[in-house]
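Enquirer: Chains as they are written, first to last, in the working numbering: chain A, 164 to 369; chain B, 164 to 369; chain C, 164 to 369; chain D, 164 to 369.
Simulated from the structure, these hints should not be mistaken for laboratory data.
Quick caveat: nothing in here was measured; it's all calculated off a predicted structure.
Each residue gets a CB set at the ideal place from its N, CA and C atoms; glycine is no exception.
Among the hints, a few may not be true.
Below, a list of computed lysine to aspartate or glutamate pairs in the DMTMM-like style, where the Cα atoms sit at most 25 angstroms apart [as the list claims (entries may be wrong)]:
| id | chain 1 | residue 1 | chain 2 | residue 2 |
| --- | --- | --- | --- | --- |
| 1 | C | K193 | C | E308 |
| 2 | A | K193 | D | E199 |
| 3 | C | K193 | B | E199 |
| 4 | A | K170 | D | D312 |
| 5 | A | K170 | A | D271 |
| 6 | B | K242 | B | D312 |
| 7 | A | K193 | D | D312 |
| 8 | D | K193 | A | E308 |
| 9 | C | K239 | C | D312 |
| 10 | B | K242 | C | D245 |
| 11 | D | K193 | B | E199 |
| 12 | C | K170 | D | D245 |
| 13 | D | K170 | C | D271 |
| 14 | D | K170 | A | D271 |
| 15 | C | K170 | C | E308 |
| 16 | D | K242 | C | E308 |
| 17 | C | K170 | B | D312 |
Heads up, incomplete: computed chain C residues facing chain B, CB under 10 angstroms, no partners named [to be verified]:
| id | residue |
| --- | --- |
| 18 | S169 |
| 19 | V173 |
| 20 | I184 |
| 21 | E191 |
| 22 | I192 |
| 23 | P195 |
| 24 | H196 |
| 25 | I197 |
| 26 | A253 |
| 27 | F261 |
| 28 | D271 |
| 29 | V280 |
| 30 | L288 |
| 31 | A330 |
What follows is the residue order along each chain.
There are 4 protein chains.
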Amino acid sequence: MNNIFSKSRVEAFSDGIFAIIITLLVLEIKVPHISEHHSAQNLSYALSGLLPKFIGWLISFFTVAVIWVNHHRIFKQIKQIDQGIFWLNALLLLWTSFIPFPTAVLGDYPGNIASIVLYGAVMSLMALSFFLLRLYLIRKKGLLEESTDLMSFRTGTMYSLLFGPVAYLTGVGLGFIHPYFAFGIFLGIPLYFVFSQSRTSSSVNH
Amino acid sequence: MNNIFSKSRVEAFSDGIFAIIITLLVLEIKVPHISEHHSAQNLSYALSGLLPKFIGWLISFFTVAVIWVNHHRIFKQIKQIDQGIFWLNALLLLWTSFIPFPTAVLGDYPGNIASIVLYGAVMSLMALSFFLLRLYLIRKKGLLEESTDLMSFRTGTMYSLLFGPVAYLTGVGLGFIHPYFAFGIFLGIPLYFVFSQSRTSSSVNH
Amino acid sequence: MNNIFSKSRVEAFSDGIFAIIITLLVLEIKVPHISEHHSAQNLSYALSGLLPKFIGWLISFFTVAVIWVNHHRIFKQIKQIDQGIFWLNALLLLWTSFIPFPTAVLGDYPGNIASIVLYGAVMSLMALSFFLLRLYLIRKKGLLEESTDLMSFRTGTMYSLLFGPVAYLTGVGLGFIHPYFAFGIFLGIPLYFVFSQSRTSSSVNH
Amino acid sequence: MNNIFSKSRVEAFSDGIFAIIITLLVLEIKVPHISEHHSAQNLSYALSGLLPKFIGWLISFFTVAVIWVNHHRIFKQIKQIDQGIFWLNALLLLWTSFIPFPTAVLGDYPGNIASIVLYGAVMSLMALSFFLLRLYLIRKKGLLEESTDLMSFRTGTMYSLLFGPVAYLTGVGLGFIHPYFAFGIFLGIPLYFVFSQSRTSSSVNH
């Protein structure tokens, strides 16, 4: 009994962390300093110079939102949280809570391959934590809700490897050709989740 | 089943984000630096120079509080959260979590029309997300609580367009005449909500 | 029905804000910069120079903890949250969320009477919000739990005026004689609450 | 009745604080500034210079995660929260919310014994709060759940003194020989908890 966690407290703790990360991301965008305080042209120009930061923020916002959705989806199928699930979840939270740093580095050095590698690596590790959590649940089926469709859970696990670490590392690889390819993949991964899920949802509700 | 979200977790996640944003706003107000550490006159003068920042903080605080109230009001009428509601809610959270940035820009450059345009644009997009969420719910009535008065929900939706994006863009337009007009509208919008609601509340409780 | 708030969401929103403020306070204490990186003497000396900041942080931490306790105590007696309670609670959250700023100013200028006036004024306004919330509840008894002892609620309301705004303004007044008197009162107010409550608790449990 | 706290609100408040602290830790890691924006070599070199900060962040992340686990474990056995438990819990939150500061100091001055003493002292005080909370519960058995095994609770209390304050102070002592010894102990303490618990969990589930 001492080794079983209260599901609602683990969810509340995780939700708190996701909510804070998604909100902290905007703090990395600093107000620009211009000398002529009343020049609308200078301020507009300075703000437009922050475009890479806005894009980085947008990508990370949707990425964390998708992490939340995936987290929600997995935890809905979990009946009981043991030490293994707790610490694999903590690993996921570790990499997720780190996202503001590579996001800030990418915003400051958008054209630098080192910042693309860093961003892709952290995201791969975050996505890998999801895969490990799912793998653990497949091994310990007793922790899953009885209603869980094990077949589709296994398929989802394979997909989470493909559209997770594999996709992010592909983005890093393409970034060596041109940074824009990497940005496209990094933004494409969360968008893929958003739209693939909405489509399924619509077809179900028809 | 995989496409339905736990309402309590979505609410907790949203509440977390609202709570963090409303609290982060004050971090944009930095302690002033004065050379004579013990001069009360110098410190008072330096603090009074932060007045535009205090006003910006006050406006944003009440704006986020009103967003919370509107969010609470809509979600009380929602029975089930599907993918569509989730992502329109995420869009609302996206713009809301961005508020600290235009607030900080407005606090640093209160007389600059570019900062007024930025603030009004972000607020319009935030308010537009509310309108889109309501529009989606009108189209998918099955997601609303049975007790919902559809007639008044439709009226509320039209009002949310008028006292939301339309009002904010009007504020931006008047800001071209004088910044004070824009500030008046930006502060007036949340205050309108606070007092119009309190009045209704009083009349009901009589 | 549209004018009644979900008590659990208002509590969760308020708890989120209290938790964030109490945690943000430490961010105002910056790591000191010393040139000789390995000199333990220099670092110890630089850290000891942060003593006024540590004391300011400690005072504000216990103050927010006491605010939480008082908030918890009042809300336990509230049956239903109407618009009036919500906005008086928002007023309390407004001043509470502002606390990190006067705390930082006090930490930077501990001997400056202007920073003592600012701190005392913000705390008085915060404490006044508690008083107004209690006054509103006395006027609208129907919103209180049936089990509430109205006599002791009225006494508590008078005490909240005395040990709140009156005590803080007294602290400000004594600060004109010497800053230490103000610090003593500012720290004494939350400590009074901590120990007076613990004592009552002990006598009840005997 | 006025002296009994709602367990769910105290847990939510504590969870909020833990979630924020664990997330704020990453904010102490600042994006490095390099002059040649496109040099991958320069950026990689600058990032690798942040290694002590990454290690400090990692240690503090796992430490706060372990604090959460211990907090969860103790609170699962608590039936009723009185003033004593509340304020001993507040003491624990006080030291825990302070962790970002010694972590930042350790990250900036990893080789300076003063920063090791500061880190170890704060952690000892945090761990001591756990011990005091447990001691209080042993004295006031009536506040514990009936199902609590008092014998193992007493053993756990002694262990919490040994693997808490005693271990941290030992780490500080060894740090006078070489900083690496201190780092080893500081990282070893949370890792010990992670693995000792996982092992117990596995043996139970076999």
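Enquirer: Run every hint past the structure and note whether it holds.
Expert: Structure-based check of each hint:
1. For a cut-off of 25 angstroms, the pair hint linking K193 (chain C) to E308 (chain C) is broken: about 46 angstroms separates their Cα positions.
2. Between K193 (chain A) and E199 (chain D) the CA atoms are separated by roughly 21 angstroms; this keeps the pair inside 25 angstroms, and the hint holds.
3. Pair hint K193 (chain C) plus E199 (chain B) holds up; C-alpha atoms about 21 angstroms apart against a cutoff of 25 angstroms.
4. Between K170 (chain A) and D312 (chain D) the CA atoms are separated by roughly 23 angstroms; this keeps the pair inside 25 angstroms, and the hint holds.
5. Taken as a hint, the K170 (chain A) and D271 (chain A) pair is broken in the structure, with Cα atoms around 39 angstroms apart against an allowance of 25 angstroms.
6. Taken as a hint, the K242 (chain B) and D312 (chain B) pair is honoured in the structure, with Cα atoms around 14 angstroms apart against an allowance of 25 angstroms.
7. Between the alpha carbons of K193 (chain A) and D312 (chain D) the distance comes to roughly 54 angstroms, so the proposed pair goes past 25 angstroms and is violated.
8. Simply put, K193 (chain D) and E308 (chain A) have alpha-carbon atoms about 42 angstroms apart, too far for the 25 angstroms limit, and the pair is violated.
9. Only pairs whose Cα atoms come within 25 angstroms are accepted, and K239 (chain C) paired with D312 (chain C) is accepted, the gap being roughly 12 angstroms.
10. For the hint pairing K242 (chain B) with D245 (chain C), the CA-to-CA distance comes to about 22 angstroms; that is within 25 angstroms, so the pair holds.
11. For the hint pairing K193 (chain D) with E199 (chain B), the CA-to-CA distance comes to about 31 angstroms; that exceeds 25 angstroms, so the pair is violated.
12. At most 25 angstroms may separate the alpha-carbon atoms for a hinted pair to count; K170 (chain C) and D245 (chain D) meet this at roughly 22 angstroms.
13. Our distance criterion of 25 angstroms between C-alpha atoms is broken by K170 (chain D) and D271 (chain C), whose separation comes to about 37 angstroms.
14. The straight-line distance between the Cα atoms of K170 (chain D) and D271 (chain A) is roughly 45 angstroms, outside the 25 angstroms bound, and the hint therefore fails.
15. For the given pair, K170 (chain C) sits about 13 angstroms from E308 (chain C) by alpha-carbon distance, which is consistent with the 25 angstroms threshold.
16. About 23 angstroms separates the Cα atoms of K242 (chain D) and E308 (chain C), which keeps this hinted pair within 25 angstroms; it holds.
17. Between K170 (chain C) and D312 (chain B) the CA atoms are separated by roughly 22 angstroms; this keeps the pair inside 25 angstroms, and the hint holds.
18. Taking 10 angstroms as the C-beta cut-off, the interface hint given for S169 (chain C) holds, the closest approach to chain B being about 7 angstroms.
19. A hinted interface residue such as V173 (chain C) counts as satisfied when its beta carbon comes closer than 10 angstroms to some beta carbon of chain B; here the least separation is about 8 angstroms, so the hint holds.
20. Taking 10 angstroms as the C-beta contact cut-off toward chain B, the hint placing I184 (chain C) at the interface holds, the least distance being around 6 angstroms.
21. Hint status for E191 (chain C) relative to chain B: holds, with the closest Cβ pair at about 8 angstroms, below 10 angstroms.
22. Interface restraint check for I192 (chain C): the shortest CB-CB distance to chain B comes to about 12 angstroms, outside 10 angstroms, so the restraint is violated.
23. Annotation: P195 (chain C) was flagged as interfacial toward chain B, and the flag is violated, the nearest CB pair being 16 angstroms apart, outside 10 angstroms.
24. With a cut of 10 angstroms, the hint placing H196 (chain C) at the interface with chain B is violated, because the nearest CB-to-CB distance is about 16 angstroms.
25. At a threshold of 10 angstroms, the smallest CB-CB gap from I197 (chain C) to chain B is about 20 angstroms, leaving the interface hint violated.
26. The beta carbon of A253 (chain C) is positioned within 10 angstroms of a beta carbon in chain B (closest approach about 5 angstroms), and the interface hint is therefore held.
27. The criterion of a C-beta within 10 angstroms of any C-beta in chain B is met by F261 (chain C), whose closest approach is roughly 6 angstroms, and the hint holds.
28. At a threshold of 10 angstroms, the smallest CB-CB gap from D271 (chain C) to chain B is about 5 angstroms, leaving the interface hint in force.
29. A distance limit of 10 angstroms between C-beta atoms decides the matter here; for V280 (chain C) the minimum to chain B is near 8 angstroms, and the interface restraint holds.
30. The beta carbon of L288 (chain C) is not positioned within 10 angstroms of any beta carbon in chain B (closest approach about 13 angstroms), and the interface hint is therefore violated.
31. Of the supplied interface hints, the one on A330 (chain C) is violated, with its beta-carbon coming no nearer than about 22 angstroms to a beta-carbon of chain B, more than 10 angstroms.
In the structure shown, a violation is registered for the earlier hints numbered 1, 5, 7, 8, 11, 13, 14, 22, 23, 24, 25, 30, 31, in ascending order.
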